[in-house]
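Asks: Protein chains in written order, with numbering that gives the first Met the number 0: chain U, 0 to 212; chain X, 0 to 212; chain Y, 0 to 212.
A few of these clues could be false.
The list treats identical chains as one, so a pair stands whether inside a single copy or across any two.
Unchecked claim - Calculated pairs, SDA-like style, for lysine to any residue (alpha carbon to alpha carbon, straight line, at most 25 Å):
id: 1; residue 1: 108; residue 2: 138
id: 2; residue 1: 108; residue 2: 86
id: 3; residue 1: 108; residue 2: 74
id: 4; residue 1: 108; residue 2: 27
id: 5; residue 1: 108; residue 2: 195
id: 6; residue 1: 108; residue 2: 62
id: 7; residue 1: 108; residue 2: 5
id: 8; residue 1: 108; residue 2: 196
id: 9; residue 1: 108; residue 2: 156
id: 10; residue 1: 108; residue 2: 75
id: 11; residue 1: 108; residue 2: 198
id: 12; residue 1: 108; residue 2: 87
id: 13; residue 1: 108; residue 2: 53
id: 14; residue 1: 108; residue 2: 58
id: 15; residue 1: 108; residue 2: 188
Rather than coming from a laboratory, the hints here were simulated on the basis of the structure.
In this text, all values refer to a predicted model and were calculated from it rather than measured experimentally.
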Amino acid sequence: MHTLLLVLDLIGTFVFALSGALTAVRRQLDLFGVLVLSFAAGNAGGITRDLLIGATPPAAIADWRYLGVSVLAGIITFYRYATIERLRNPVQLSDAAGLALFAVAGAQKALAFGLNPAMAALLGMLTGIGGGMLRDVLVTEIPTVLRADLYAVAALAGAAVVVLGSLLQLPPTATTLVGAGLCFGLRYMAIRHRWHLPVARYIADESQQDTRP
Amino acid sequence: MHTLLLVLDLIGTFVFALSGALTAVRRQLDLFGVLVLSFAAGNAGGITRDLLIGATPPAAIADWRYLGVSVLAGIITFYRYATIERLRNPVQLSDAAGLALFAVAGAQKALAFGLNPAMAALLGMLTGIGGGMLRDVLVTEIPTVLRADLYAVAALAGAAVVVLGSLLQLPPTATTLVGAGLCFGLRYMAIRHRWHLPVARYIADESQQDTRP
Amino acid sequence: MHTLLLVLDLIGTFVFALSGALTAVRRQLDLFGVLVLSFAAGNAGGITRDLLIGATPPAAIADWRYLGVSVLAGIITFYRYATIERLRNPVQLSDAAGLALFAVAGAQKALAFGLNPAMAALLGMLTGIGGGMLRDVLVTEIPTVLRADLYAVAALAGAAVVVLGSLLQLPPTATTLVGAGLCFGLRYMAIRHRWHLPVARYIADESQQDTRP
């Protein structure tokens with residue numbers, strides 16, 4: 000069971016690292032930049048979670064295999080960019096799978112470190128979305144998760160199922176599967192039907208500028 | 000006394016979260032993006048301080064009330080944007096009050112963890128300005144605190160009073176009140192009279208570009 | 000020996016802080032912004048390393064001398080910008096020396112905290128490049144280390160020598176000198192001959208946009 004979780008975690012890291020490498024190639028970074036964005040996209044979510052719960056050194060730093068699959072994803076994308084781009088539907092589906100896995104695993108780890116339920120669910124979500132946020136900040140884009148379709152919400156829903164199951168003392172394997180399935184399903188429907196969250200009504204008014212730094 | 004401090008801390012978090020939500024609505028982020036910027040602006044300063052002094056998990060993660068007031072500020076701003084914008088003078092004043100409180104509380108926490116005096120004052124300042132910096136980086140703006148009027152300096156002055164008082168073994172309640180009052184007063188005067196720090200003379204010269212990455 | 004290392008470390012911090020201050024003046028930040036970028040460029044690499052290996056509070060926070068040399072570099076640059084710009088060749092050389100020192104010292108500290116060899120080498124590299132990355136993100140530029148000439152690779156090579164030497168149980172002083180020399184030499188040649196890493200072939204295709212947030 001433990002080995003299975005590790006394998007799934009590494010697969011999630013690999014697909015997330017692909018998204019980082021694709022961004023880096025599009026922005027014409029050099030080989031090193033591609034590898035950095037691969038590692039950042041694949042591991043920043045888990046590293047931030049581990050720093051916040053006090054689990055140092057973070058798993059992605061202590062275990063070389065996370066680095067290994069990130070570098071592998073970066074090198075493949077660097078030399079086979081066109082091929083990876085052509086695979087975009089499979090890549091999107093495995094990205095949704097990676098998100099589901101990171102969200103439930105992140106929530107479980109936070110619970111294991113004694114975080115309160117609401118924060119454990121949020122740290123599960125953060126595990127899923129943190130990598131993409133750092134990837135975007137490094138190429139000076141507003142993180143797309145802050146304005147795109149149902150991505151963070153899917154991760155939060157999956158993590159919440161795990162936390163609720165733990166509160167109700169349901170069997171962890173079952174709640175993990177249900178949580179991951181819910182996250183994957185929501186994300187799949189959001190991609191297919193372009194579901195998204197509302198945006199506030201806002202009429203630009205130049206005379207009203209916030210002067211708070 | 001402890002309850003009072005917590006209440007003041009939560010009020011500070013709330014007003015800072017408002018500034019994050021206002022920025023998010025102006026940049027047309029979706030509801031999730033508004034909530035993320037609310038939480039980031041309200042809590043990133045304190046979280047960074049806690050990570051640096053080794054107090055994990057940070058208070059804003061361990062105590063769900065910080066999340067609660069941040070989400071509340073985000074939702075109010077999302078659905079009542081125009082109202083919050085119209086309140087800009089009261090918002091600026093409570094922001095100055097939040098800054099004063101965060102600066103003195105941050106300095107005290109750093110002292111309690113055994114930091115040296117200069118660093119305790121700086122961590123107090125960081126507690127006050129860190130949230131606004133992350134908020135701006137997430138929407139790819141240069142943090143306004145790096146070039147705006149007397150904001151960081153007011154926080155630093157307030158934190159320094161607390162640290163000096165501790166060095167001279169003055170009663171903590173008195174130095175806390177004086178420090179917070181000094182910070183608030185400086186910030187208030189800076190808003191009213193547009194006080195600001197000097198900018199270096201710089202004549203752009205394209206032939207001289209730094210090649211250091 | 001310990002005193003020598005500290006002195007070298009502070010010199011490295013000083014030259015890195017100069018690069019942060021130069022960037023801040025060019026972007027017309029105010030005096031406070033110049034000091035923040037000085038401190039960030041000089042210390043963010045080491046602070047990140049210390050957070051990741053669990054060495055809190057980080058050395059740059061616990062020891063006021065790191066703050067002192069950073070502020071000194073910032074103030075000198077603020078008031079003598081033209082002079083510092085004119086010194087660009089010496090500044091580049093001392094920057095290369097700072098990089099070499101940070102890389103080998105960072106790798107040694109990571110080894111001392113029990114990190115695995117591959118990660119110790121990478122944390123050495125991160126110690127060298129982290130400051131410049133935060134400096135660039137704060138002024139909303141894509142970190143130049145992600146697309147510039149041989150900078151990170153030089154740091155990685157120097158750090159790898161230290162790690163290899165430790166695996167082979169060679170005398171630490173010798174491997175430190177060789178590692179630092181290799182990093183400095185590579186960086187020097189990269190500046191002189193504009194060596195750089197390859198960039199992936201990429202033909203922009205607007206129809207293929209990643210929708211992963």
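Asks: Work down the list of hints and note, for each, if the structure agrees.
Replies: Here is what the structure says about each hint:
1. 108 <-> 138: neither (30 Å within a copy, 30 Å between copies)
2. 108 <-> 86: neither (32 Å within a copy, 42 Å between copies)
3. 108 <-> 74: Neither, since 30 Å and 29 Å both go past 25 Å.
4. 108 <-> 27: Classified as neither; 36 Å inside a copy, 33 Å across copies.
5. 108 <-> 195: neither (29 Å within a copy, 41 Å between copies)
6. 108 <-> 62: Classified as both: same-chain Cα gap 16 Å, cross-chain 18 Å, threshold 25 Å.
7. 108 <-> 5: within (13 Å within a copy, 28 Å between copies)
8. 108 <-> 196: neither (28 Å within a copy, 39 Å between copies)
9. 108 <-> 156: within (16 Å within a copy, 35 Å between copies)
10. 108 <-> 75: neither (31 Å within a copy, 32 Å between copies)
11. 108 <-> 198: Intra 32 Å, inter 38 Å, cutoff 25 Å: neither.
12. 108 <-> 87: Answer is neither: 31 Å inside a copy and 42 Å across each miss the 25 Å cutoff.
13. 108 <-> 53: For residue 108 and residue 53, the Cα distance is within 25 Å both inside one copy (11 Å) and across copies (18 Å).
14. 108 <-> 58: For residue 108 and residue 58, both the intra-copy (11 Å) and inter-copy (18 Å) Cα distances are at most 25 Å.
15. 108 <-> 188: neither (27 Å within a copy, 46 Å between copies)
Violated hints for the displayed structure, listed by number in ascending order: 1, 2, 3, 4, 5, 8, 10, 11, 12 and 15.
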